[in-house]
Each structure stands twice: as structure tokens, then as C-alpha cells.
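Student: With chain A's structure known, arrange chain B on it following the hints.
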Amino acid sequence: MSTLAAFGKLPTLNSATILLVGTNEIFQQQLAETILQEKQDLKINIHLADSLPLPPERDHIRPRIDLIVFMVNMQSKHSYSNIEASLVHVDASFFLGKVCFLATGAGRLNQISIEVNAVLKLADLYCSPVLFCELECEKIRIATAQRLLRMLRICAGHMSGVSALSFSSLMKSSIGDSSFLA
Amino acid sequence: MERAPTEDTASGRKTMGHGTNFISTAHLSRGRISLKRGNLFGHTPAKRRILQTPRMQENADARIGFLLRKQLTLYSVTPLYRFSYDRLQEYSRQLCFVIAAEKQKGLAIHVEGDLKLKVKFSSLSVLKTSEKGQAGVLIQVTAENAGPKVVWIGCFCCTCGDDILETVMEDFTCFPLFLVNGAESLSAIIGTWLQQTFDCSFSLLTISPLNLAWMAAMWTGYKIEHHKRAMELTFSVPGTSQPLDISYAIHAEDAKALWDSIHTTQQEVRQEQVNLFMDGLCYHFYRHFKIYLSATRLVKVSTSVACVHSDGKIKILHSAYLMEILALMTELAISQIL
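As you go down the protein sequences, you meet chains A and B in turn. Numbered by our numbering, the letters in the first sequence go through residues 1 to 182 in order. Numbered by our numbering, the letters in the second sequence go through residues 1 to 338 in order.
Note that these hints are calculated values from the structure, not bench results. Please note that a few of the clues may not be correct.
Claimed, not checked - Straight line, CA to CA, 30 Å or less: simulated DSS-like cross-link-like pairs of lysine-lysine:
#1 B:Lys228 with B:Lys315
#2 B:Lys105 with B:Lys116
#3 B:Lys47 with A:Lys121
#4 B:Lys313 with B:Lys116
#5 B:Lys120 with B:Lys103
#6 A:Lys121 with B:Lys300
To be verified - Computed list of chain A residues with no C-beta within reach of chain B, every gap over 12 Å:
#7 Gly8
#8 Lys9
#9 Thr34
#10 Leu42
#11 Ile46
#12 Arg58
#13 Phe95
#14 Leu96
#15 Ile140
#16 Ser163
Ideal Cβ positions, reconstructed from N, Cα and C, are used throughout, including at glycine.
With the rest of the complex left out, here is chain A (with noise of 0.2 Å):
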């Protein structure tokens, strides 16, 4: 099965599983690392990848994946071609609020390789929010963190209420018009 599918498996008990698809390994576990330090009272799982689609070999084994993260790297235009080449592989069940891109490196403006515009279109493209972030900033992670654990937490199903397409229509919302993008 070459797309990633939401819906495929069933979701393990008091537990959910994120999924951070970016070729920056070292982002990447810094915010893994982050994410495990929050205190939750469920079990997080974190998966990690530089591409889709994920090895078929071990599928068995993976739990249910509640939330995709793309993390772009503004300074490498490498990144960003990859994102666009693993979004592919994802199923369109997923883009009903269970992605959500990351933008890193955006601060400084000087050294972006990648338009700011660039990423807000494909994340609009894909009817996704996007969180701005710089990881090298420890607050700034723990923040960052904390809003998509919060994201998880609503995409895995544990907030009563809240499912993630009403949530990601919020955040929709908040992005404003995009008429800018035009």
C-alpha cells in the first residue's frame, strides 16, 4: 500500500501517534525530544521520516498515525521539494485536519531559500494550517510542541467536542483571507 491512509487501522487505547516527515534530522529530534518532555497522561507515540511513503515491510507493526507534521526548511530548497514530493502518498481522508505544516527558519529573511508565499500556498493547496517556528529557539520549541501535542491530542479523538475537521476549520478561520495568495 503505497498512501498513507487515516482511517486503515485501529486506534491503540489511550494512546496516539505523530508522525514528522522532514530531511532535517536533527530538527526533527530536537522536537521529538520536546514533545516527550511535555507531561501528558496518555502515551505519545513519535515517528520519524525524511520521506513518504513510509517501508511497507513494517506496516504490521505501526499503530494508526492521528497526525502528520511536514516540516519545511525555509533555508533548503531541498526540503520543501521533498514535502511537495511526499504529499503524494498521502491519502485524502488525512487532509480533513490531520496535517499540519511546519515552517522553520523563516526568521531570517536573509538567508530563506524557499518564498515565504511558497509555503502558505501549498499549505493552502492542501487545505492545511501552518505553524511557524524557530527550533533553534528552546521556548519557541517548547511552544511549538505544545500546540501540536495540543493538535494531537483533538486529531487522536481525546478531547470531547472537538473533532479535527471542526479544529482545523477554526484554524482555517484564523488564517483569514487568502486572497493575498492569489
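Tutor: Coordinates of chain B only, in the frame set by chain A:
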């Protein structure tokens, strides 16, 4: 600036006297906003027009020669307050005194012996591209008793920045781009004086990899008969403990052939074309060395026309395309001060 009476604001209609003043201000702010909107997140335009600047006269070469083949540092400058072309001599005298005073204070101006420094402000009409455009301003510091030898030059220019000239307020003169060559210590003194005298602010004009890619592509396309040199791109590898640079040189003819096959529009250069050009070069490199240059950061572009570094240093090698280069740098400087 005088403010219009409030009733004009309320009616919003064009009236005489003060009212006109108000209307013009409103127009100005609107112009600035529209410029800003187009430049959200400092993104580069989707296409750039190829400038049709009139070729400079032959004798112009001598007048702009001081800009060529020298390492120039680029600064972006906010509009100058109360600058006047009629007072250039006065400025020369004042700045001369300031430098002399600083030297007496014993601040390190690195000059051997006791050099007598003379400052000269002059207007540079060569850099004027259109009727409405304004002449550049050249500041030269010469060491009198050593030649005389020019020890420092600074040059204000606003090449093809006509649209920003329309939006600046009365009493302000806009020179978005300032080029400097010379000793750091002198740059610091003169920079401080200029900022205090004209209530402006200087900042180093750093160039993003996106814009460097534009330069690589556009400058490859320029026709040059002699003094051809290979195009060289320098990439910096991120995430290493020691700085690691990859230098990628391409024969000028090969680069031009590639660019000519991509660049099919005569009047303009498009973002897609620039991307295609860079992707082609990077892919070729990957085929040979299995290194993704797209994962690294472009920091330096050097072509037959000019050589530019991301930290705001430029060396212009050919007078033929000076105006095009200055126009592009002015555009970047404008986007930095907006």
C-alpha cells in the same frame, strides 16, 4: 509638515491650500501601502522586466570608473531629510571638520603618518536614468599629501527607483542605495555623520539566496565580448561545525547556452525560468557528485559582469551593465527599507 485642518479630513474632498497638502499625503500613504502589499514577507516579484537603459556615452566610463573592479559594500538607506544638491560644498566642509576632529580625539583612523584628508561631495548625473530620476551623489575622501590618493568613496544612488520617488514626502530625498569602498573606521565616522545630519538610517543590504539566484540567471544572459570568465556559484553547507563551502564553476558559454534555452521571453525574466536554471545546474551537480545543492544555501555569485556576496558585498566588473546592476540593487534596497 503642515497638517490639514480637520474638516478636510472629514469631507475628504480636494480643497485649495492646506487641503491639497493633505490630499497629497493621503496619496503617498496609499502608494506606500500598495508597494508593501506586493512585497509581503519580502518576497521577490514573479517576473522582472529587462531594462532598456540607453547605453552610456563613451566618456561616461571615465566618470563611473571609480565604481568598477572594487569591493563595494551595499547599504540600504531611509530617505534623507533636508538634503539639498545646492549645499554639497557646505557638506564637504562640515564632514572634513568632523573627520579632523575625530582624528584629533585619537580614534583609530588607520592612515600612515599624518595624512591630510579632504572630502568632496559631488553630484553624479551619469547615474540618472530618466527625466524624473535624480542624480546620484558621490562622496570622495582624498589624502592630499600622498598623491593625492582617494582613500574612501561612498556613492548614493537611486537608479530606476522612480516609483519610490513619487511616494517620498516633501523635504525628503530618497537614495535607497549607498555603496561604500574604503577603510572601516572612515565608513563608521562618515556613516554616523550622514545619519545624524540627514536623520536617516543605514543598514547593511544582505542578499537572500532567492535574489542571488535571480542575479546568477540574469547576469548569465548579458552579452559580453571580452574579459569573459567562468560563472562561479558558492554554496554554504548548513549544520556543519566548521564552515564548509562548495564552489561550482561553469564555463560562461555553457551557462549562457543553458540560460538561452530557458529564457524565451525577450522583455522579461520570470521566476519559473530562474528556478529552472538553478534546478538544472543543481541537478547536473547531483548527477556527478551525489550532493543536493538545493539543500545548501547559495552565498556568492560571480559572473563576468559582477561578483556579489550574500553579506552585501559587490564587485562590478563591467561598465556595460552597470545601470542594470544598480537598478536591481536599488530595487532590493527599496524592499528592505519599506
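Student: The structure should be examined with respect to each hint, and the outcome stated for every one.
Tutor: Hint-by-hint comparison with the structure:
no., hint, in the structure
1, B:Lys228 with B:Lys315, "holds, 15 Å"
2, B:Lys105 with B:Lys116, "holds, 15 Å"
3, B:Lys47 with A:Lys121, "holds, 18 Å"
4, B:Lys313 with B:Lys116, "holds, 28 Å"
5, B:Lys120 with B:Lys103, "holds, 18 Å"
6, A:Lys121 with B:Lys300, "holds, 28 Å"
7, Gly8, "holds, 32 Å"
8, Lys9, "holds, 33 Å"
9, Thr34, "holds, 18 Å"
10, Leu42, "holds, 33 Å"
11, Ile46, "holds, 21 Å"
12, Arg58, "holds, 26 Å"
13, Phe95, "holds, 24 Å"
14, Leu96, "holds, 28 Å"
15, Ile140, "holds, 18 Å"
16, Ser163, "holds, 32 Å"
Violated hints are absent here; each numbered hint is respected by the structure.
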